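With the hints as a guide, dock the two chains, each given alone in a separate frame, to form the complex.
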Amino acid sequence: MEIKIENLNKEYPSREKGGSPTKAVLDLDLTVKDGELMGLLGPSGCGKSTTLYMIAGLQDPTSGFIYFDEDDVTHLDAEKRGIGLVFQNYALYPHMSVYQNVEFPLTNLKVEEEEKAYDLEYEDTLLNILKNDEALIALIKETITSGKKSKVALAEALIRSYHIAPSLAKTIVNALKKEGESYQHSINVLAAKAEGKKGKILQRYAKQGIEIDEQYRLLRNGEPRKIQRSLTKDERDTYVKETAKLVQIEEYLERKPSELSGGQQQRVAIARALVKRPRVLLLDEPLSNLDARLRIQTREEIRRVQQATKITTVFVTHDQEEAMSICDRICVMEKGEERQVGKPQDIYKDPNCLFVAKFLGTPPINVFSGSVRSGKVYIGEEAVFKGVDIPDQEITIGIRPEGFKAKPKKTDLKLHLPIDDILTQGRDVTLVSSSPLVEGGIVKIIVDSDLPFKKGEEAFAIKPNKIFLFEKETGKRIRF
Amino acid sequence: MDKKNKWKAWLYLAPVLILMAVFTFYPIISTFIASFLKDYNNVTGENSGFTFYNYQYVLGLAERYEGSGVFFKEFFSLNPAEHSAFWNTMFITFVTVPISVVLSLAIAILIHSIKPLKKIFQTVFFMPYVTNVIAVGMVFSLLFSQFGVWNRIFGLSTAWLADNSATWGGVMFVLCLYIIWSALPYKILIFLSGFEGIDRQYYEAAKIDGAGRFKTTMKVTIPLISPQILYITVTSFIGAFKEYSSVVGLINRSYSSDQNVQDLYTVVYWIYDQMSKGDWNTTSQFADAAAMILLFVILIFTLIELWVSKKKVVYR
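From first to last, the protein sequence lines stand for chains A and B.
First residue of the first sequence: 1, per the working numbering; consecutive thereafter.
First residue of the second sequence: 481, per the working numbering; consecutive thereafter.
Mixed in with the good hints there might be a few duds.
[Claimed, not checked] Only part of the chain A face toward chain B is listed, based on derived beta-carbon distances under 10 Å:
id: 1; residue: P43
id: 2; residue: L76
id: 3; residue: D77
id: 4; residue: L85
id: 5; residue: N89
id: 6; residue: Y93
[Unchecked claim] Simulated DEER-style distance windows between Cβ atoms:
id: 7; chain 1: A; residue 1: E321; chain 2: B; residue 2: Q602; range: 33 to 41 Å
id: 8; chain 1: A; residue 1: E223; chain 2: B; residue 2: I594; range: 41 to 49 Å
id: 9; chain 1: A; residue 1: A192; chain 2: B; residue 2: E785; range: 42 to 50 Å
id: 10; chain 1: A; residue 1: K110; chain 2: B; residue 2: K790; range: 31 to 39 Å
id: 11; chain 1: A; residue 1: E16; chain 2: B; residue 2: K695; range: 36 to 44 Å
id: 12; chain 1: B; residue 1: L493; chain 2: A; residue 2: E321; range: 51 to 59 Å
id: 13; chain 1: B; residue 1: I594; chain 2: A; residue 2: K110; range: 50 to 58 Å
id: 14; chain 1: A; residue 1: D319; chain 2: B; residue 2: Q602; range: 38 to 46 Å
id: 15; chain 1: A; residue 1: L219; chain 2: B; residue 2: L786; range: 56 to 64 Å
id: 16; chain 1: B; residue 1: F653; chain 2: A; residue 2: A192; range: 38 to 46 Å
id: 17; chain 1: B; residue 1: Y795; chain 2: A; residue 2: V152; range: 27 to 35 Å
id: 18; chain 1: A; residue 1: E142; chain 2: B; residue 2: K790; range: 39 to 47 Å
id: 19; chain 1: B; residue 1: K791; chain 2: A; residue 2: E142; range: 53 to 61 Å
id: 20; chain 1: A; residue 1: L202; chain 2: B; residue 2: K695; range: 34 to 42 Å
Quick caveat, the hints were computed from the structure, so don't treat them as lab data.
Note that the structure is a prediction, hence the values are computed from the model and not measured.
Ideal Cβ placement from N, Cα and C applies to all residues, glycine included.
So that you can see chain B by itself, here it is in the shape it has in the complex (with noise of 0.2 Å):
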């Protein structure tokens, strides 16, 4: 582009910019800093300086108070029994990224090698995609109670949810068949979408070279749409490491009424949880911290995925 144009250029782009600079970039950038001030105040910008105790605190390596021998394992700890922010948040992840991206790849498939009824399909599985998260977590707390389908339908009368009896496995349970089944619809479309775009002629040459059903999805309609798996993958980690509202919707704040027992924390939960403890200038430096440490997290699991992903993916 010859130099006159290009103020034309940043001159359309400005308002985009200028959002994105407001709302964007000046708070990841202020969130950096304050992740590293101590006795960070969010509404006045008193601090005492920089610290990285921050950090510490938040990854359990700080005492709370000096000399208590109390370490904070809420966020993050690596003993499963422990249940930490960060804990629950990896075992979502593990668990709902690979099932929802398998089995939306699986419908997918079946629903595009159907003829009849092809459309119906397609719309009861975008059903969820449209529907409001936090309703649908009501309904699903609703299957899911005492007297629920679910217990009806295999004749159990497990409490799974918000009950004295509740356990941090039964919770998790419902919790991550919520989020795959809310997760299905999206990565089902684009799915499809990619077989749309594959020629008809790579089906017809492995029907020449005399492959077979599976083998043509395995050999032929994966691989082809391997950019489309690349992207669902990638965003899907993302979205499942930020998961929150899925949370909220299903359990509230907490699934016991026993005081003992701690919310059932992501993240994100956390880190909303440590700003919104009206206390301003106690713990928003933490939630600051923990909000670097996902990004950070994020960042390595993406570029992770996109190292494996150029030696796998192939664009037509």
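One chain only, chain A, in its complex shape (with noise of 0.2 Å):
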């Protein structure tokens, strides 16, 4: 399902009298596609969890629209619209195990379908398994050896082989339990038992003048009747079970919250997020709570589910590389407005603004005051890069960490950069270097680790497509 956000703005009312009211978000539009995992990325304040709670129906917009596909939903209450929503701490209801925890939103949910005879249905499924008493006979001989256990085991091994409810396998298990009498009575006495309360459903819809067609639907009047109804014990054990397995936590079903370390809450958390089939996943900070190799593992773990069950989602998150690395396309916001969405290695490598070139990418990128003339770029006195086709003017210039090319031929425009310091990280090695003209006083430089360098000064040309000019005043992306 398509998300779409037009115009959409959130202010809250100033606590101070006559104040000007904060505006967390401001004008946003923006169209999450079916099945898309959409990141909202921004610092802390910039409006992101706002946005999702609006989706979610938490908050209220002061104006503008949210569309489910063609549904309005812009007001419409949380309950109804259909979504799941994973929040920062999890919020797992303590006193409930994780079964009843995920099993929760079921309990509230309403399935419309046509009325049916599911008592008769029942009584019937239960006769066409006890009819067939030899192969009955030999699935319980089969399984059956002693002791507790092997009830379990053989109330499996009824729902593997008939696709029944749970509930019925246990009618089943439960009429056997009598020791001393052959399987063949026990099953006889229970045929016996289910024909006498068939005969007596039979009956009561008789009296209440009630049809019932071959697909057990109730005919009333001819006609079948759609109600609206809960799910039953079986439906939800099984949606409960399913998601479970989705997300891996089928061991820990029967434990409490506490005794789960962070990142299996956290899958608990979508586990509750997900079983009810939700159009939409919405993801706030989920990975905020988890230490540094969890979180990596559960980011994945987020992109496999989210892969496996197609859904529409929103995952909001202040850390890029977490962003990048599992978003289909992200939308980056600042103080409320939107200010970049696309996907991540687009936005990377074409940033629009000096804010979203800071904000990806780890190192971030140096970013150095400087200006243009006739043509060419200048870092203080030293002309940097050339070919610029715009007016001369001061202005910001953002260098990527990797776009610095060590050893530059003669004929190339450089930069004259002291290296301090020397950190060798694996594959790649970072140089530290300063610069009174750069912001924060410190230059990141990455390069290949093959290269030999010392301490002192250095010429570096710089990459083409590494460098990015920003309007001095506004921080606007200008094109060359």
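This is the structure:
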């Protein structure tokens, strides 16, 4: 399902009397395509979580629209939107077991369907199984050995071979428990009971003047009727187990959340959000409470689950690496406004403003103040780059750490930088340098580890696709 | 903690420990001992040795005077019609505690869910807490006098309290009403502060999960304040077992001028009476025995509650 956000605004009234309201989200337009994993990325206070909560329906927009496909859900109650939300601190109910936590959304769910005689279907299914008693006895003998565990095994075998509900399997297993009687006898007793029940059920429906067709639909005046009903325990059980399997928490279902690690709790939270098959999955900083290693593991897990379910997902984070690694597209936000939307690599390669350029990438981009004079870019008095076809002006220059070419040719324009430190990190080498013209005073340069470097001054050429020019005042990108 | 600092800790604790030793531990031990002494003199400490008679007497198992055939039923009797102190106390406890806990929880939930006037309601419901028990008791006895407000409202002319026609049932009704009313504010306060401590995200999660208001209250709010509910339940039971001042405030000594109608005793009231009968050397050991029985009963109930709570209480 597609989420479309149009002109969305959120203002919080000022705390002081007469103060101007705080604008949390400003004129946001955003489309999340069907099945897409969209990342909302920005520093804290940029309005990304507010946006998410407005999509969820937990906060009411001041103005603007939110559409789920064609439906306007702007002011729809959260519970009617059919969304799953994973909270930053999971918000698992501490008094419920993992199973109950995941089951909870299902207990509130209503499904619409045609009225059916489930009680009759139940007895008929039972009778059908019992009718073929030879096959049943063979199955029982095969499974049962002794002790209590075999009961569970038998129930599981019945569910597997007959595709029946757990409650029905339990009925059969319990009927067999009387020791000293042959299985054949137990089966006969159970069949007689089921026949009796079936007769009573038929009588009851007949009394009410209700007919029943082959699909067990109830026909009142010859017409099936649609009703809303809650999920049965068997249905809930199936959904919970399925979802638990998807996020791999089957082993922990009987535990309390407090007995789980952070990563496991996060899986439970995701299971709870997914179990009711929501149209949209929303994740609010889902990894921020995890340690570094779990974070990488869990984010891949989220990606895997999202790919498996193909559910439209919005993922809020302040960690650019996280967003870049798992999102199909990201929306970078600042001060409540959208700065850039696109595929992570596209935005990284082609940021449209200084903020985006600075926000994406580790180590962050090096930001110099400089100028353009007659088609050349100057940092200080050094011309470092040429072929810039823009009017002369003071500008801000962004150069990615990997944008420095070491050992340049003689003909290249060069930037001279003193190398203060050399940090080797496996494949790459980071040179730490300093310049009074760079923001923060420190320049980081990533070079190939094959090249020999030593402390002292070094000259670098700038790679043309790694240098970005921005307007001095507004930070807007200047394309050349 | 290292050894060097241990004596310092004891030093800081000393004032409290000394006070507790003098005013709590010593009296408990002394009460325990005295409850097993025959003909104990409260002033001189004279006695005629170890005996179980005090307990037998209090529990109505031994004759009052040897050979008299009269058993003492004022403190303990399983016959409701005899209105023993023990029976009265049990009645008060098992009527007022459940009602006041459930009622205060309901009121707290209501107060918590309204936004406007919240502070006013909070104040109104907290009023009884800061009002003097005896004074409130006297106001209640006015409300329930023959020409009091209660009778006016319901068009009755019952004499609820302190009259020849007052009945045990009538007095008990007013008494329970009074105890419940005065027990509400503290409980509401505790529950409200419990609600404040619940993370808003649980409610947001419940909303996303599609739970209605009632279901959210039953499945989320109440389980999350189960520690407070346990605390309130345990302290309420203990408080109710020790009920005394409300009886004094409401009916003073006796609800009937008829000499044949005995006082509406509660356990503590009866203990107090035995202690203050003037005759120091005749009845104080019975009060001691009764006090030990009360201690035992409270202990048993508290242990039961804690045992039940182990399964039901979730600490966040």
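Evaluation of the provided hints:
1. With a cut of 10 Å, the hint placing A:P43 at the interface with chain B is violated, because the nearest CB-to-CB distance is about 22 Å.
2. Hint status for A:L76: violated, given a least beta-carbon distance of 12 Å to chain B, over 10 Å.
3. A distance limit of 10 Å between C-beta atoms decides the matter here; for A:D77 the minimum to chain B is near 8 Å, and the interface restraint holds.
4. A hinted interface residue such as A:L85 counts as satisfied when its beta carbon comes closer than 10 Å to some beta carbon of chain B; here the least separation is about 5 Å, so the hint holds.
5. Taking 10 Å as the C-beta cut-off, the interface hint given for A:N89 holds, the closest approach to chain B being about 7 Å.
6. With its C-beta approaching chain B no nearer than about 6 Å, A:Y93 sits inside the 10 Å limit, and its interface hint holds.
7. A hinted range of 33 to 41 Å for the beta carbons of A:E321 and B:Q602 is inconsistent with their spacing of about 48 Å.
8. As the Cβ distance of A:E223 to B:I594 is approximately 46 Å, the hint placing it in 41 to 49 Å holds.
9. About 48 Å separates the C-beta atoms of A:A192 and B:E785, a value consistent with the hinted range of 42 to 50 Å.
10. The supplied range of 31 to 39 Å is met by A:K110 and B:K790, whose beta-carbon atoms lie about 36 Å from each other.
11. In this structure the supplied range 36 to 44 Å holds for A:E16 paired with B:K695, their Cβ-Cβ distance being about 39 Å.
12. Hint check: B:L493 to A:E321, Cβ distance near 53 Å, so the stated range 51 to 59 Å holds.
13. Between B:I594 and A:K110, the C-beta spacing of about 29 Å breaks the proposed range 50 to 58 Å.
14. The given range of 38 to 46 Å is respected by A:D319 and B:Q602, whose C-beta atoms sit roughly 43 Å from each other.
15. Remark: the range hint 56 to 64 Å for A:L219 to B:L786 is upheld by a beta-carbon distance near 57 Å.
16. About 57 Å separates the C-beta atoms of B:F653 and A:A192, a value inconsistent with the hinted range of 38 to 46 Å.
17. B:Y795 and A:V152 have their C-beta atoms about 33 Å apart, which keeps the hinted 27 to 35 Å range intact.
18. At about 43 Å, the CB distance of A:E142 to B:K790 agrees with the hint of 39 to 47 Å.
19. In this structure the supplied range 53 to 61 Å is violated for B:K791 paired with A:E142, their Cβ-Cβ distance being about 39 Å.
20. Taking the beta carbon of each, A:L202 and B:K695 are about 36 Å apart, inside 34 to 42 Å as hinted.
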